[in-house]
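Peer 1: Here is what each chain is made of, one letter per residue.
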Amino acid sequence: MSGTHGTETTAGPVEGHVPPEATSATGEAGDNSAGMAAVTRVARATLSPNGVIDDPTELRTYECDGLAHYRVTPALVALPETTEQLAAVVRACSEHRVPFVARGSGTGLSGGALPRADGVLIVTSRMRTIREIRREDQRAVVDPGVINLDVTRAATPEGYYYAPDPSSQQICSIGGNLAENSGGAHCLKYGFTSNHVLGAELVTPQGDIVQLGGLAPDAPGYDLLGTVVGSEGTLGIATTTTVRLVRLPEEVRTLLAGFRSTDEAGAATSAIISAGVLPAAIEMMDALAIEAAEAAVHCNYPAGAGAVLVIELDGASAEVEHEYAQVERFCTENGAFELRLATDPAERALIWKGRKSAFAAVGRISPDYIVQDGVIPRTALPEVLRAIAALSSSSGVRVANVFHAGDGNLHPLVLFDDARPGAGRAAEEVSGAILDLCISHGGAITGEHGVGVDKAAYMPKMFTDDDLDTMQMVRCAFDPDNISNPGKVFPTPRLCGEVPGKRKHAHPLVEAGLADAF
Amino acid sequence: MAEQSGQTRVQQNEPQADPQKAGALSHGPVPLDGSALRSAFDDEHPPSAELISDCVHCGFCLPTCPTYTLWGEEMDSPRGRIDLMKAGLQGAPMTGTMVQHFDACLGCMACVTACPSGVQYDKLIEATRVQVERHHDRRPGDRALRAAIFALFPHKKRLRALRGPLRAYQASGLPRVVRGSGLLERLAPKLAAMEGLAPPLEKREKLPTRVSAVGTRRAVVGLLTGCVQGEFFPGVNAATARVLAAEGCDVVIPRKQGCCGALSVHNGRQVEAEKFARATIDAFEAAGVQTVVVNAAGCGSSMKEYAEVLADDPAYAERARAFAASVRDVSELLTELGTVAERHPLEVTVAYHDACHLAHAQGVRAQPRTLLREIPGLRLKEIAEAEICCGSAGIWNILNPEPARELGDRKARNIAATGAEVLVTANPGCLMQVSSSLQRQGTRIGLAHTIEVLDASIRGLPVSTLGPQH
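Chains L and G are the protein sequences, given in the same order. By my numbering, the letter at position 231 of the first sequence is numbered 231, and the numbering carries on one by one without gaps. Just add 518 to wherever you are in the second sequence, counting from 1, and you've got my numbering.
Bound-form chain L, shown alone (with noise of 0.2 angstroms):
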């Protein structure tokens, strides 16, 4: 496997296995055979004939999502096409204590989708009607299937669009972009998807279906919906699904601007920002990210570039034309020396092309890799970029740099050969030095990628005991028998019941070996 999207956690004890926490998170098979035996049952009844998957062979291709570096085989992959045959699914699991893990594409690249070896993948990627597109109140009512960019086709005639835009758009799903409160480039002017999920049909751990916002904004009483969103699957699934559509802008400009270092872009984008103009994407790419982008997808971006800048600026024309004149002179002030205004949708979207391609490209100059997802406040961009090259240089691992650079949200490609003993182990270290960069700088662990199984042990570092504990509290209301994509999230199953503070036994099921406490 060349990809390697995402870090293992320092505890791993060697390169390319699994950590104690994430073998915790995959479950043993055979701990709950008559369980299984009796959701297999009853996914067999609800289903269709080809909605139930068990054989061993066909239960392979669904081991990991886009974080290929964790791999685990369910026990059985259920695909439903109804949110009632979705609900009967979790009913019988929770009725037999059967965990289970959701799973729109596949793409998430925290491993959120990694399933259970003793539990039930719950696919929705046959749940993709689009029930409405509302142009009247400006909303989309979509299956969890859906994927990203056909909520855009299917309102772009009617003058609308779906605002976030992970790089994954063409594939991802909206469920997935709900559970992990997806972002994209865009999110700088847009905001992520919690800006833009106004109501979701929620499928309980219990198998109920619930209903959580809606077409009215702000519906009084706790946020529930809020909650759930970006909750990573360990609340329940989210089934249909609305979301605000935003209109298309009178007007697009996108730039493409070459620099000779990451510190030269870096200061443009403090400039622009700092002047109150706020594009609709800042995205950064240092040399070696436009290697492999160039490599992939001949996207032509400025040759001899150190850095480059993509600009979109949005909105209506008068207003783009203004800022567009700031934000050109912002760039030559601080020594851009190329500068390339896309003048059609084919060259704006080759522009696009090399950014939006730039994690999977990296795979041409690099048979392994690990993408980071640290969020830094912007006014420190500078100064972690020095200190990642400085990193690199030091431990002689090449770091390629991909990211949002208008939020702070940092991707770092860290590239290695796995085939070179230690370059892996050596590749995590500089990963994990990168995150630890990240928190001193008063950032965060994770901008868009969520936690899941990957990040799990990094959580400690971030929050204390007290703050882990409230979490759990959240989680356990919704999921006393934790059961909805258990082990992800945090670095170990609390259990629920436990009292936050000091134990004076052991746990039962901590005894019996079953869960570990932390």
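Some hints could be false.
Unchecked claim - Part of the chain G face toward chain L, derived, beta carbon under 10 angstroms: (1) 595; (2) 615; (3) 637; (4) 638.
Calculated from the structure, these hints are not laboratory results. Quick reminder that beta carbons are idealized off the backbone N, C-alpha and C, glycines included.
Assemble the complex: chain L is given as a structure, and chain G must be docked to it using the hints.
Peer 2: This is chain G only, laid out in the frame that chain L set:
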């Protein structure tokens, strides 16, 4: 990580550079339920572990994969099939289930275009198909149908023998009765698929062995006439020869040429494919041409692969490389030469359909569009979801009639939505498949090969010559 038992298989990363040393093969066997089953692949060119390791599992291939689009299942997607190949390399047996997912692949190669990591899925699936043909016992019905297809399609004389009865059948009014009754579909859906695909036959135009350039000679080229193209769409070959001559090419049409082997190459029938490749190379070497021009997308793509097909044959390996390098799609050659013949106006709106084996397999997308745009008065429309296969895929539509029909109908809806008067494409398979879907849908639209449109323009023929054919 301790080696885990049962279904918990948390696997190690795979090294890249030296698959022999530590690659997919060294992963240890997949649990085989205790029985000593043989692993899926033998050692003779199994799908390459190194090429498999290029896949980063990003999923960008999924939305362009016709079977994933239809069924939404991982194992019927490119990355899922790559997972299955990997399982095979690690010792999993070649079960009927596994083969079913390899067979379901149309080989359209849209995933190759979509892949940002440069995975060479085309090479992987072709190597896999050869292994499937070697090791998998198909059910008698399937075996018989495949045998019949390969006894017929790659053989011009047999196809020609079929023309008489087929024309008589088409002239008799029986097709309407047969299709209207739905009887054939119930009794034998695969036979019904073949019946529905047969195009209304044109008169055969016999081509000379040499057509001389009009005006200054700019090139000497050989022309592959193909089997299905030659017998079912003979007008396309005649038009190709006329256009090439008008553009200053001496066109040599070797009598001895046969099937190029495309269907065999794309279906894992290696020995047969090698035989056809050698014969084709012999025929064109004897003709003494520097360039071999093809007007069928599937044929062109397989002829460009001859170097791989004959890599193990010392007598042909080098010649196959040289031959493959000399192959051009007719639209490629014309744009390389630069067109000189005068174009007469054609006031018509056409939709251009990318044949998968032209666009995805050969990367030829711009050239046909450039040539069409050179025609005064012609308006060119793009078809939505252009990257998704129409479901023809060589013989896939005969072997998988129901999903093929779904894909064909989806394509036909997108074509109808363009409002074009003529659909233009460059592959006989696509023409047959799309025409049968358009007909079912009740859309009246002209069907033409790119070269027929150019021919009409150069000769100043009226648009009606490209008009609705049904």
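Peer 1: Run every hint past the structure and note whether it holds.
Peer 2: To see whether the hints hold, each was checked on the structure:
1. 595: Because about 8 angstroms separates residue 595(G) from the closest Cβ in chain L, which is inside the 10 angstroms limit, the hint holds.
2. 615: holds (5 angstroms)
3. 637: holds (9 angstroms)
4. 638: violated (12 angstroms)
Hint 4 alone, counting from the list given before, is not met by this structure.
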